[in-house]
Amino acid sequence: MWRACTSPQWHLRPCCYHKTKHFLFKRFQGVVVLQIARLSNNNPWTDSNSAGKVVVNLDENTEPIRISCGQFARMASGSAVAEIGDTAVMATAVSKSSPPTAGQGFMPLSVDYRQKAAAAGRIPTNYLRRELGPTEKETLASRMIDRSLRPLFPRSFKTETQIMCNLMSVDGQHDPEIASLNAASAALLLSDIPWNGPMGAVRIGYTNKGFVVNPTRKQLMSSRLNLIVAAVENKVVMLDGSADVLPYGLFKNAVHLGVEKVRPILAELRTLQKNFGKKKKPIVIPSEDIIPQEMRDTLKVIAEQKLHGIFTDSSHNKFSRDKAVNDVRYQTVRAMQDIYKEASPVTLHETFNQVCKDIFRNIVLEQNIRCDGRQLSDMRPVSCQVDLFKPLHGSALFQRGQTQVLCTVTFDSLESAAKVDPISVLTGGLAEKNFMLHYEFPPYATNETGKQGVANRRELGHGALAEKALRTVLPEDYPFTIRLTSEVLESNGSSSMATVCGGSLALMDAGVPISEPAAGVAIGVFTNYKGDDASSDLNEDSKEQTGQDEKHCLLTDLVGIEDYMGDMDFKMAGTKFGVTAIQADVKTPGLPTDVMIEATDEAQVAIKKLLDIMAETLPTYRSQKKENAPVTEKLEIPLSKRAKFVGPGGYNIKKLRSETGITVSSVDETTFQLFAPNKDAMEETKEMIDKQLKSSKEPDLEFSAVYTAKIVEVRNNGVLVQIHPMLEPALLHNSQLTKRKIQHPSVLGLEVGQEISVKYFGRDPVSGKMRLSRKVIYSTPSSVPRDISGSSKEQASSEEQPNFANGLDTDNVEDQISDEKMDS
Numbered sequence: 001m002w003r004a005c006t007s008p009q010w011h012l013r014p015c016c017y018h019k020t021k022h023f024l025f026k027r028f029q030g031v032v033v034l035q036i037a038r039l040s041n042n043n044p045w046t047d048s049n050s051a052g053k054v055v056v057n058l059d060e061n062t063e064p065i066r067i068s069c070g071q072f073a074r075m076a077s078g079s080a081v082a083e084i085g086d087t088a089v090m091a092t093a094v095s096k097s098s099p100p101t102a103g104q105g106f107m108p109l110s111v112d113y114r115q116k117a118a119a120a121g122r123i124p125t126n127y128l129r130r131e132l133g134p135t136e137k138e139t140l141a142s143r144m145i146d147r148s149l150r151p152l153f154p155r156s157f158k159t160e161t162q163i164m165c166n167l168m169s170v171d172g173q174h175d176p177e178i179a180s181l182n183a184a185s186a187a188l189l190l191s192d193i194p195w196n197g198p199m200g201a202v203r204i205g206y207t208n209k210g211f212v213v214n215p216t217r218k219q220l221m222s223s224r225l226n227l228i229v230a231a232v233e234n235k236v237v238m239l240d241g242s243a244d245v246l247p248y249g250l251f252k253n254a255v256h257l258g259v260e261k262v263r264p265i266l267a268e269l270r271t272l273q274k275n276f277g278k279k280k281k282p283i284v285i286p287s288e289d290i291i292p293q294e295m296r297d298t299l300k301v302i303a304e305q306k307l308h309g310i311f312t313d314s315s316h317n318k319f320s321r322d323k324a325v326n327d328v329r330y331q332t333v334r335a336m337q338d339i340y341k342e343a344s345p346v347t348l349h350e351t352f353n354q355v356c357k358d359i360f361r362n363i364v365l366e367q368n369i370r371c372d373g374r375q376l377s378d379m380r381p382v383s384c385q386v387d388l389f390k391p392l393h394g395s396a397l398f399q400r401g402q403t404q405v406l407c408t409v410t411f412d413s414l415e416s417a418a419k420v421d422p423i424s425v426l427t428g429g430l431a432e433k434n435f436m437l438h439y440e441f442p443p444y445a446t447n448e449t450g451k452q453g454v455a456n457r458r459e460l461g462h463g464a465l466a467e468k469a470l471r472t473v474l475p476e477d478y479p480f481t482i483r484l485t486s487e488v489l490e491s492n493g494s495s496s497m498a499t500v501c502g503g504s505l506a507l508m509d510a511g512v513p514i515s516e517p518a519a520g521v522a523i524g525v526f527t528n529y530k531g532d533d534a535s536s537d538l539n540e541d542s543k544e545q546t547g548q549d550e551k552h553c554l555l556t557d558l559v560g561i562e563d564y565m566g567d568m569d570f571k572m573a574g575t576k577f578g579v580t581a582i583q584a585d586v587k588t589p590g591l592p593t594d595v596m597i598e599a600t601d602e603a604q605v606a607i608k609k610l611l612d613i614m615a616e617t618l619p620t621y622r623s624q625k626k627e628n629a630p631v632t633e634k635l636e637i638p639l640s641k642r643a644k645f646v647g648p649g650g651y652n653i654k655k656l657r658s659e660t661g662i663t664v665s666s667v668d669e670t671t672f673q674l675f676a677p678n679k680d681a682m683e684e685t686k687e688m689i690d691k692q693l694k695s696s697k698e699p700d701l702e703f704s705a706v707y708t709a710k711i712v713e714v715r716n717n718g719v720l721v722q723i724h725p726m727l728e729p730a731l732l733h734n735s736q737l738t739k740r741k742i743q744h745p746s747v748l749g750l751e752v753g754q755e756i757s758v759k760y761f762g763r764d765p766v767s768g769k770m771r772l773s774r775k776v777i778y779s780t781p782s783s784v785p786r787d788i789s790g791s792s793k794e795q796a797s798s799e800e801q802p803n804f805a806n807g808l809d810t811d812n813v814e815d816q817i818s819d820e821k822m823d824s
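Residues 1 to 824 (full-length UniProt numbering) are what the sequence shown spells out, left to right.
No false leads were slipped in.
List time: in silico BS3-like cross-link candidates among lysine-lysine, alpha-carbon distance up to 25 Å:
| id | residue 1 | residue 2 |
| --- | --- | --- |
| 1 | K530 | K281 |
| 2 | K654 | K634 |
| 3 | K96 | K279 |
| 4 | K634 | K694 |
| 5 | K625 | K679 |
Simulated from the structure, these hints should not be mistaken for laboratory data.
With the sequences and hints as input, model every part of the structure.
What follows is the structure, encoded as structure tokens:
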């Protein structure tokens with residue numbers, strides 16, 4: 001049914017027809033046409049049968065994972081919601097309908113994980129009160145999801161694809177990252193996007209009761225292991241985690257357990273796909289990217305001998321090897337253009353890239369020859385230096401082959417600890433970080449030009465990995481905030497693991513009492529996997545028996561070209577006794593668990609070798625810090641002098657900070673923490689404080705005793721009296737002068753210099769000022785005033801001597817305390 005409206009405005013009044021759900025606006029020759037779509041039982045947007053849900057029970061002590069589809073974001077190619085407890089994450093997958101650009105050598109996949117403040121029942125605390133750019137935790141989660149999904153895309157699929165994971169609710173106990181990984185896997189599986197899933201993920205912890213699957217936030221606080229395992233059947237796709245020097249044997253058991261616990265998730269995801277999944281769309285390959293086998297064979301005949309000679313010549317370094325390969329590239333492309341005149345340059349260059357990669361991989365896999373002449377398990381030459389610049393609190397230069405990293409350590413007070421946004425804290429992050437590692441990769445490290453701005457996602461990821469590797473060896477109650485910076489000066493592979501080695505040396509050079517040194521190494525894997533563009537599940541039994549992954553070899557201490565050509569980058573950091581951090585990125589659709597175990601063994605051997613080399617430079621941390629190192633001390637201030645030490649509005653503390661650079665923080669009522677940039681500043685500060693508080697020993701006053709005080713000032717709200725020259729004058733409020741209500745002390749004839757009797761009731765626990773009263777004193781033998789030495793002294797005037805038996809008027813004393821604070 002159609003209805004025309006000649007109104008020039010787009011605003012239309014609601015239609016009166018019943019059972020109306022959707023409006024479709026059309027414009028034809030200046031006439032707006034409204035199409036009314038009636039509801040029908042076949043409408044996919046309202047069909048309740050299109051919604052599905054599965055529940056995955058991992059074990060009796062673990063909260064089940066609930067994965068549903070068909071309710072939210074139904075216009076997306078695929079969408080799913082994963083729930084653990086009351087934590088829920090919605091993931092969507094969308095791929096462009098337009099054909100991909102020719103000549104793309106990578107899969108244009110973008111993954112974004114966003115935490116919404118509303119999910120935790122909060123309002124953002126920034127000025128605009130809305131979510132702004134991604135936080136560090138969001139960036140790290142996005143990278144982890146990307147690394148888990150990317151290996152399962154067909155290699156020929158180059159269409160731009162976006163995965164978005166939105167935190168819908170969080171209970172503060174269950175992990176949203178695990179929910180995000182499984183929701184993203186379900187969204188891709190249910191969509192029409194070609195993807196060789198499913199993939200499942202679990203988190204493995206280790207407590208004194210053994211391994212824990214998907215530990216809660218509370219369990220994770222006491223866990224020695226925090227490992228995320230993403231897997232497909234018997235193959236690992238991604239590893240990411242940290243550990244508190246967990247023995248290597250326990251780590252390998254954790255990997256096996258993670259792969260085992262993923263299988264129920266995969267089974268339920270397949271059920272969900274079978275019932276609600278869309279048919280996968282065909283892969284569109286640009287004509288320029290279609291390479292005939294004849295063209296590949298011809299190019300291989302022209303370039304194979306030259307490339308083989310380059311890749312087996314150990315005299316080459318990074319730049320000379322790249323230059324030699326590029327020379328062969330241009331010669332080969334020109335020769336191929338004479339043979340294939342209609343072939344585009346994009347096709348010829350892509351053909352050369354594939355042939356070059358095949359030759360390099362075959363040399364490693366078949367001949368066990370590395371491009372720099374090393375054996376498969378050999379490391380590059382390593383050299384270390386410490387204490388490079390005197391003004392630095394700690395510094396180290398770590399060189400491994402053509403990778404060079406400069407690490408520096410800076411101390412500051414605990415007040416300089418990094419504050420984390422509250423939403424990240426609720427999702428498992430730290431509220432404050434007194435240890436920070438900042439990784440920088442400037443463009444000159446690879447002889448390139450570029451802009452140097454804020455840290456990009458790669459820099460954040462590498463820095464977080466190195467920070468996890470070193471955090472567990474630091475003392476728990478260290479009185480300083482530590483900032484460790486790592487600047488990559490030269491890069492030819494494994495700069496993040498070089499940061500772990502250099503950072504460990506820099507910490508020891510600064511005198512930080514670490515439990516033991518840590519080191520890191522990258523292990524690579526080459527397999528005979530050739531790529532499979534099938535859009536069905538690669539984990540079916542028929543495809544597991546193809547034997548593609550049967551042959552493999554491990555390489556210790558990867559260089560840049562080996563990382564690019566290989567099938568895995570396995571980064572492990574640890575000590576001689578256990579693992580501290582792990583990150584494994586796989587480029588094939590999963591690697592067998594046994595390969596991961598072999599890589600762990602190789603990494604353990606390499607780490608021990610590295611630690612022995614590092615011990616030759618600096619075997620342990622310095623027993624004494626450098627002369628320019630900051631110092632911290634605790635200062636006890638009597639409660640009676642607290643106000644004098646702090647000053648009005650903190651004036652005295654601010655003055656100390658401006659003159660000496662010291663930082664003062666309050667520990668409790670009588671204890672202050674002093675932080676000085678060096679010993680000289682600390683000594684100068686202590687002298688200033690002693691001079692400020694210097695006085696003869698204050699007399700000890702007896703509670704409820706009567707003393708003779710001298711009036712030093714008359715004010716509107718009372719009089720200032722002084723009991724002893726060594727004591728500061730105290731305010732005697734009008735309400736404590738007499739039982740009568742008076743507006744000014746002059747009513748009683750009180751003058752400056754006059755002596756009166758007052759009763760002492762201790763000091764205010766907050767301000768430290770004396771509490772005095774005159775009206776409670778009566779002329780009784782027990783109330784004879786005395787001087788500060790304790791001897792009796794006759795009262796000069798008997799005027800207004802109240803009866804002591806009536807006791808202290810507590811309400812008036814509180815009024816006096818309040819007025820004293822206002823007067824101050």
